[in-house]
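Peer 1: The lines below spell out each chain.
Protein chains: 4
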Amino acid sequence: MARRVAIIGAGGYTGVELIRLLSLHPQVELTCLTSLEDVGTPVSRVFPSLPRKLSLCLEALDVEKVIAAADIIFTALPHKAAMGVVPHFLAAGKKVIDLSADFRLKDVDVYEKWYQRHTCPELVAEAAYGLPELYREKIRGARLTANPGCYPTSAILALAPLLRHDLIDLRTLIIDSKSGATGAGRSVRLGSLFCEVNEGFKAYGVGTHRHTPEIEQILGDLAATPVIVNFTPHLLPISRGILSTSYAQMKKVLEGKELAELFSDFYRDEPFVRVCAAGELPNVAMVKGSNYCDIGVVSDCRTGRVIVLSAIDNLVKGASGQAIQNMNIMEGFDEGLGLEVVPLFP
Amino acid sequence: MARRVAIIGAGGYTGVELIRLLSLHPQVELTCLTSLEDVGTPVSRVFPSLPRKLSLCLEALDVEKVIAAADIIFTALPHKAAMGVVPHFLAAGKKVIDLSADFRLKDVDVYEKWYQRHTCPELVAEAAYGLPELYREKIRGARLTANPGCYPTSAILALAPLLRHDLIDLRTLIIDSKSGATGAGRSVRLGSLFCEVNEGFKAYGVGTHRHTPEIEQILGDLAATPVIVNFTPHLLPISRGILSTSYAQMKKVLEGKELAELFSDFYRDEPFVRVCAAGELPNVAMVKGSNYCDIGVVSDCRTGRVIVLSAIDNLVKGASGQAIQNMNIMEGFDEGLGLEVVPLFP
Amino acid sequence: MARRVAIIGAGGYTGVELIRLLSLHPQVELTCLTSLEDVGTPVSRVFPSLPRKLSLCLEALDVEKVIAAADIIFTALPHKAAMGVVPHFLAAGKKVIDLSADFRLKDVDVYEKWYQRHTCPELVAEAAYGLPELYREKIRGARLTANPGCYPTSAILALAPLLRHDLIDLRTLIIDSKSGATGAGRSVRLGSLFCEVNEGFKAYGVGTHRHTPEIEQILGDLAATPVIVNFTPHLLPISRGILSTSYAQMKKVLEGKELAELFSDFYRDEPFVRVCAAGELPNVAMVKGSNYCDIGVVSDCRTGRVIVLSAIDNLVKGASGQAIQNMNIMEGFDEGLGLEVVPLFP
Amino acid sequence: MARRVAIIGAGGYTGVELIRLLSLHPQVELTCLTSLEDVGTPVSRVFPSLPRKLSLCLEALDVEKVIAAADIIFTALPHKAAMGVVPHFLAAGKKVIDLSADFRLKDVDVYEKWYQRHTCPELVAEAAYGLPELYREKIRGARLTANPGCYPTSAILALAPLLRHDLIDLRTLIIDSKSGATGAGRSVRLGSLFCEVNEGFKAYGVGTHRHTPEIEQILGDLAATPVIVNFTPHLLPISRGILSTSYAQMKKVLEGKELAELFSDFYRDEPFVRVCAAGELPNVAMVKGSNYCDIGVVSDCRTGRVIVLSAIDNLVKGASGQAIQNMNIMEGFDEGLGLEVVPLFP
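Residue numbers (my numbering), protein chains in the order written: chain A, 76 to 421; chain B, 76 to 421; chain C, 76 to 421; chain D, 76 to 421.
There could be a bad hint or two in this list.
Where chains are identical, the list cannot tell them apart; a pair therefore holds if satisfied intra-copy or between any two copies.
[Unchecked claim] Cross-link-like lysine-lysine pairs, in silico, DSS-like; alpha carbons within 25 Å at most:
| id | residue 1 | residue 2 |
| --- | --- | --- |
| 1 | K332 | K188 |
| 2 | K169 | K213 |
| 3 | K181 | K169 |
| 4 | K188 | K155 |
| 5 | K128 | K332 |
| 6 | K327 | K155 |
| 7 | K128 | K188 |
| 8 | K140 | K128 |
| 9 | K169 | K326 |
| 10 | K155 | K169 |
| 11 | K181 | K327 |
Don't read these hints as lab results, they were simulated from the structure.
Isolated chain A, as found in the complex (with noise of 0.2 Å):
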């Protein structure tokens, strides 16, 4: 039988990437879709994109009515609003997949000098982070799983191998990330203006930026010591996508073609990881609108550096993909199902 599913935020970007998605899954029923505005207005008007045959309407979030709608939860919140209502859901025996960062980081005093104060710390422990390629059997257990960020799953996959093979030098990692303009949401403010975002580049919150402790984090458990990366987002002039350029000295140095066939044996197993042949390199034009995170990895023999190149949809695998392929796994189902869908290329 079909799972019952809510979306709160459904009126966002990450939002109608969930109804997209889900609204093809076999094994799921679109029950209830929250939001601030547009309340009573059918979703498939809010977003014309949408299949007509979606007939739900956008509701005010009433947490006891999502409990009594739905099995499955997604909660697509700004932080600190989700941290408002997912104990709620877990209370009354749902589970959740949050994709906020009120439960990425697990030591709150970490998530509280970057974020705010924590409301409910002792679900933090309890929360799987999901990234099914490091953390698949902790996420299969969880009732509660936090979705992670965009450019912490770039970041993550391009350098996982690395790490655990302990080929570089951890004081020299440096991450230079491009998203696009989706990354900011749907809220309307004057930088994501058309007209301020076209024909335009440039670096925001340089040293700043609070997806820094969720790769380190993450980057930490994998070195199994604590990390300190530098991290600089910038805001590319297309809807989706974020590429990621990964440095770090090489401990001993690896030609490109060891490097390939390293990362190609790490995730000879992901269905949404793809690893370049040595000499090409991944374009987020490739991976528009699916689940895959494409990955090339370049070995710079003249400094002794690797380069890493990771290429994400940001609001399928940097969120609403990987969300449902957590879903999935939480749920037993096929890890692909639902995810099945090609890039669309051009």
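Got chain A; can you put chains B, C and D on it based on the hints?
Peer 2: Chains B, C and D in isolation, oriented as in the chain A frame:
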């Protein structure tokens, strides 16, 4: 048992779009992909967007090999090249969906005036014009379907209800169309360079575009009298999408609401035509990647004109998606099989 | 001695464009910039594109201070706000170029039907309509010039030669226009977000756009009889540029070459109108950043229609550049002063 | 009296940009434009953006005719082609600004390793490296100036203050650069098609790009010791602009404010370098069409790294504008002549 399918001309944008959609079609197995370029290369390397499990290589066109390998053949070739191979496929008992212009124009004189000499006029009479909304029965029995042009698809679907109901003065038809850059194909030309198209907008082929007689033929069919139109194509700096803005003088001025109802009735049972509510208008962004044609209709009482806006993805409903819709009809499959994809927005 | 110039509403896109152009104008000194937002901030910090030597800060609008500071005043305000301040500036003996709609429509009833109540109808009669190609003499003597709308500029320049020569059936006029996103201004709205505009294309305000009566007024002037048109604006996913495609039935069918000559003659002495050779068509990319209006004309002998394509940069010839051209005329400067800028391509 | 100027290779993007800027230069008369294509066609027809008054036609390259026609020659040719003609121009007593790579690398062995055999190594020693901010005096006396590459311009200006002040560990230099599509020139290639670039983003030539030794040469000059860097270029889906993000370990950690002051001091008298206030970052949109290089600097105290962001228009400060700046210096003109253009935003 799955039908074996070949794509002739798989290296272009309509080719890769056929592959994207057919790779998920439950009744189809891709068995042969031909191309002039990249022969011998795995198609998933030529188009890294495609899943790796697509292990087929592009091969040079060998008619006998294609015949041996496939039951159904999509010919995505330039006009003239198409009529060179289609007769062989038909003679071997194959079903053919031809995406070129070679079998669209019923009047061979008209074809020869706008294109060049026709080498198999006998097949022209036989071919079904592959616009299911108007010619479904003809397509059902066809062994050769001439898949409509992208512009004609958008214009004809916009105007068919008006002509069927005899609501407009046929001498006043103007179709102002705007297409994304995939419409020019993947061939390498100065005018198709990023920096020549980006941040630009222009008309081209005004009064001379070869889709004009195709539009006129079908509108003439609907009106049961010859129709002459102004058709003006423009080049949009986007990858996918056609919006056609069509104008005609109404014989009797109807209100917007009446027109919207009339259009809704006309397309009531059509799975891929979505008529906007009165007061709403289509946007190519809302059909991207899908087989939908979204239509909005406006009545201008000041001038007595009706204005119809129609939006399609030129690579899907305007080419590869409609070709698959035609295959489904020809094969007796559910018409929407493999085409359930939800538009990618944003 | 340089004229002292104020810009009222300097924080929007037409404002910054006025500053860009006026900062290089040899007869002008910017002395006062007002804005609702960023008051107290140096304008070169609000718009880091501007040279640092522009040390002026944005200030709140104080009519007396503006009057004290400036000889010439550009009002780049929304309609209604403009008519609240313009009378004061005129009363103080200033010259005003108003970029709003408030003084464009000669018939106050028409204004009040399409906009709202007019509070200083007596100034409407006095204001010159600032399209130099048609009203240069009127502008020369004016103390108040109503700078034309962007769409009307593109449409009227396209059609003026045809109307002056009485070549077309006035009941058949259709103007299909496409504008870049700066046309919507810099105010913060969901529909103006990058991800809502990018890779999209749609019509809006079909049959109801407020530039319609303005176009009709001037075309009516040219024809010496009332004119009603269909005007359909569309939103292009580019920053700058309007292309208008205008259609009309010719009274007597002229060939393309004749039409091109007739247009060339009509605009022979105009510094900012460039008529394309027969067979060539304009592209908004070729006027970007400049005050040019490029015009191409096509005769379709099959339908007896003339199709005129006209391209402008909506922020320059469609707004700020034309405003400066008007100032130059009003002040007796060389008409092209400060407007010699060459379009930026690519 | 105006200098007579020729442009060799006027049919590309750097060529048309030279024409755009030189057509407004008060001390220059364009007398000769050569091209491989469109020979015999007026340049204002090849590039309809250019003013009609530019009546020059493109002509085939005839060294003697160029020598007869011009005093100053800009060679905008591919490398190798440049060194075939430059010696002839110099022998005839002309001044040459060469935009190719042929005279940039002082060590001919390095040139021959990254490019091909050099046919006039004696001129390499003589050529001035045309980065005025560092080599103004050398340029002043030069008859041959090697105009810097676009990427090197952005990277060197970003790093020069740090190297001059010996603030960084030279072994830790990483330059992550992103360029608009005009960087690939106007030649017709699959990878430059609109639909291949649009909505995409990727790295290319990682570890192998030919601008690497050029960057290393100048940084080595500044450091007075050999320097090896990681340089990673990426392709942005915009027409113009380079943003370079440069990383290095600080020898002693300075605060952002100190660094901003140090950069401001370093470039205090430079007309075309704008250092951002501490906390602000550059955007390529803010330099579009202008000769500015905007620089922002960030200190990351967590890692002890300095991150420098630098933005240029690759066709202006990265090519044609800088070439004109060099000409101005070589000729004793005011250095900013013809380069006063204000960036076009939006």
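Peer 1: For K169 and K326, with the copy left unspecified, which applies at a CA distance of at most 25 Å: within, between, both, or neither?
Peer 2: Intra 46 Å, inter 53 Å, cutoff 25 Å: neither.
Peer 1: As a check of your reading, is K140 near K128 (CA-CA no more than 25 Å) within one copy, between copies, both or neither?
Peer 2: Within. Shortest intra-copy distance 22 Å satisfies the 25 Å Cα cut-off; inter-copy 43 Å does not.
Peer 1: As a check of your reading, is K181 near K169 (CA-CA no more than 25 Å) within one copy, between copies, both or neither?
Peer 2: within (22 Å within a copy, 62 Å between copies)
Peer 1: At most 25 Å between C-alpha atoms: does K128 with K188 qualify within a copy, between copies, both, or neither?
Peer 2: neither (45 Å within a copy, 40 Å between copies)
Peer 1: Is it within, between, both or neither when you check K155 against K169 at 25 Å Cα-Cα?
Peer 2: Close inside one copy (20 Å), not across copies (54 Å); limit 25 Å.
Peer 1: Between the shortest in-copy and the shortest cross-copy C-alpha distance, which are at most 25 Å for K181 and K327: within, between, both, or neither?
Peer 2: neither (32 Å within a copy, 33 Å between copies)
Peer 1: State whether the alpha carbon distance between K169 and K213 is at most 25 Å within one copy, between copies, both, or neither.
Peer 2: Cα proximity of K169 and K213: one copy only (17 Å, versus 52 Å across).
Peer 1: Treating 25 Å as the Cα threshold, decide for K332 and K188: within, between, both or neither.
Peer 2: between (41 Å within a copy, 23 Å between copies)
Peer 1: At most 25 Å between alpha carbons: which applies to K128 and K332, within, between, both or neither?
Peer 2: between (49 Å within a copy, 22 Å between copies)
Peer 1: At most 25 Å between alpha carbons: which applies to K327 and K155, within, between, both or neither?
Peer 2: neither (44 Å within a copy, 38 Å between copies)
Peer 1: At 25 Å max between alpha carbons, let me know whether K188 reaches K155 within a copy, between copies, both or neither.
Peer 2: within (14 Å within a copy, 48 Å between copies)
In summary, the structure is inconsistent with hints 6, 7, 9, 11 from the numbered list given earlier, while agreeing with the others.
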